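Asker: Given only the sequences and the hints, what does the whole structure look like? Please build it.
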Amino acid sequence: MNNSEIIKFNADATYSSWSYEHFLMLQPSISVDGMWFANGAYFINCLSIEPGDVTENGESLVEWFNQKCRAITAPVSLTSSLPDNAIRVPGRSVEERVDLIGSPLTIRDIVSILSRSIPRSLPDFDFKTRPPVATLYVSRDITSAEKAIFETTLKPYLGRMRLEIIVDASYFSDELGFRHPAFIQGDIDLIPARRLPRGISSNLRRLSEEDEDTWVSRRRYLFAGNTHHIDLPNAFGADVSKCLINASVLTPRNLRMAISLYGQVQIAMPITEAYSRVLNGLQVSEDDLVELSRRGRVVFLLPQSLDRYPITLIHKIAEANQDSLLLSRSLATHIVQERKRRIPLLYAPLSGVERHKILEALVNIEDPILQPLSRGMADVLGQFWSSSEILLESRGAMGLMSGGIANLIAMMIKIMTGRDLELEMMTAGASVEWAAALGSTVIPYHDDVFSEQKLTEILASAYSGVRDLTMPSSVGDVEVVVDGLLSVNNDASILDVASIFDGDEVNRIRRLVLSTASDNDSIQEAVENFNNRVSGYERDQARLKKIDILGLVGAISAVPLAAQYPEAAYIPLSIWITKYLLDNSRISLSNETNIGEFLHAINSFESRDVVMVSRLRSSISNASRH
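One point on numbering: in full-length UniProt numbering, the residue at position 72 of the sequence shown is 72, and numbering is uninterrupted.
Everything labelled a hint here was simulated from the structure, so no lab data went into it. Quick caveat: nothing in here was measured; it's all calculated off a predicted structure. Here a beta-carbon is modelled for each residue, glycine too, at the ideal position from N, C-alpha and C. Misleading hints may appear alongside valid ones.
What the hints assert, rightly or not - Below 30 Å or equal to it, Euclidean Cα-Cα: the simulated DSS-like pairs (lysine-lysine) are: (1) K414 to K579; (2) K454 to K340; (3) K579 to K340; (4) K128 to K147; (5) K454 to K414; (6) K68 to K414; (7) K128 to K68; (8) K340 to K414; (9) K128 to K155; (10) K579 to K454; (11) K155 to K68.
As the list claims (entries may be wrong) - Per label pair, the in silico range of CB-to-CB distance: (12) E175 to L469: 56 to 66 Å; (13) P349 to R120: 22 to 32 Å; (14) T312 to K579: 44 to 54 Å; (15) D174 to R120: 18 to 28 Å; (16) N529 to R206: 42 to 52 Å; (17) S48 to K579: 25 to 35 Å.
Answerer: Written out as structure tokens, the structure is:
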């Protein structure tokens, strides 16, 4: 074994490599020439630092690195003068990053990784550490082959510890648990299938296992440069009109309004604490939801951990129609796949060094107009790249709440207007990204106190495209594409409403909107025909609502571009970043083969998939445009 191999799989090297990559992502303005090894220690070769240098926040650079960047105990330091005998250390591969090799992990992180990675036939286990010993407890005797699986899986995460295995069936007489009671409300890590409470049904346990197994089988090639398209599950990929309601915490409107319009209503399931409120808002019973799921009219997204949801509801739905449940890791798979299409820079299959070069190019733009945006973009990308793998592995879809379209657009708005809307945008951004991945129209949360309507429109527009200008004067250019659909807002049986309105007509309208052969007259005629059906069913206008569907008009071929934007053309956000930011940097990336090929692939990408948003009119007679 040569020196580089010894270093690569040494615990000190992997922790130092993680620290090095963390530094690269968070300090893009510092030029770096690799990490090196000499005399039992590791060195990050910074080409231009001096004693007393500070970060952009005014902290001592060395103290910041040691206290906020470096993994504890990693023998790595910053230097501008390498020892004569130093040898370069290879960085982590994409696969090692995805597998969290070298990342600082908690005991619970390792339990989760082991739970997902080993065959289901292996016995129950628990993992504890008391350095220099790590102890694996197992519930029965294990074969030599099973022992080898445990050892091989754990080896990259043991650091300097040696592993002992203890067989003790009595250790497992009580549930091992997963969450610490004192922190349970803020704990959004996904509970492993092996640690689900014993009261969870076998159906749900199997669904959780399948969710984990599917993620493990897909995650590596999902982050590779070229991936095969991953189809949606049959229940979610059906060719029907679809809408998405995020009922995780906030209280939605009467479900009849959505059921009368769409063939499939996708509901982000409410967590237990919000469940009774959500039922009241939807004006349905639990049995109604179960029956609608059995019919395929309602399906559920479970972005959070299974143990955070109403146990009676998920048990009943798993029995009635288990295909109507999309669990967190499967949802995350489709969100990442869609992000890679729309903002591929987020998942650039590049090394830490290559990603640092992109960030360095962004912070070296001299144009005073573009500089604030480019530096903000570097900050958002660097923060995302420094934490995306661990958040995704531990939290599934909830680990994608940061780093996506919400963070990028919140940064742009703050720079352009001074308003900080990042927190407000996170929930709206999640709904937009879920809907984009599932091919749905977003129904934003709205009441008299708080509304996500405008934020959702802004984010849906930006996720569809931005104006092809050096400095966009605004974001969120949406126009009405379907004008004045009537929906039912009564208290009739939800099951009767679902039987009468199947969503076929609205699906036809959707196809007309997206068709190059359609015109506004044919779209409006289809709307009027549908509205006549609704009016024939419910003659009391007080029990009807009028809905407009909005989208980024410049990216929809069937809808003429708004007259006030005759010069506008729209391009994906990733192309705008390359065209107006990276191509204007003092640092050229053209000589970097991998980066150049990746950026060329971005520039050749073209997407006309527009995220639609529903807007409720204040009254039936109100005009749709503002």
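Asker: Confirm or reject each hint.
Answerer: Do the hints match the structure? See the list:
1. K414 to K579: holds (22 Å)
2. K454 to K340: holds (25 Å)
3. K579 to K340: Holds, because 18 Å separates the two Cα atoms, which is no more than 30 Å.
4. K128 to K147: holds (17 Å)
5. K454 to K414: holds (16 Å)
6. K68 to K414: holds (26 Å)
7. K128 to K68: holds (26 Å)
8. K340 to K414: Cα-Cα ~25 Å, so holds.
9. K128 to K155: This hinted pair holds, its Cα atoms lying about 14 Å apart.
10. K579 to K454: Holds: K579 and K454 sit about 28 Å apart, inside 30 Å.
11. K155 to K68: This hinted pair holds, its Cα atoms lying about 26 Å apart.
12. E175 to L469: 56 to 66 Å: With a Cβ separation near 58 Å, E175 and L469 satisfy 56 to 66 Å, so the hint holds.
13. P349 to R120: 22 to 32 Å: holds (31 Å)
14. T312 to K579: 44 to 54 Å: holds (53 Å)
15. D174 to R120: 18 to 28 Å: Since D174 and R120 have Cβ atoms about 22 Å apart, the given range 18 to 28 Å holds.
16. N529 to R206: 42 to 52 Å: With Cβ atoms ~45 Å apart, the hint holds.
17. S48 to K579: 25 to 35 Å: Because 29 Å falls inside the window, the suggested range holds.
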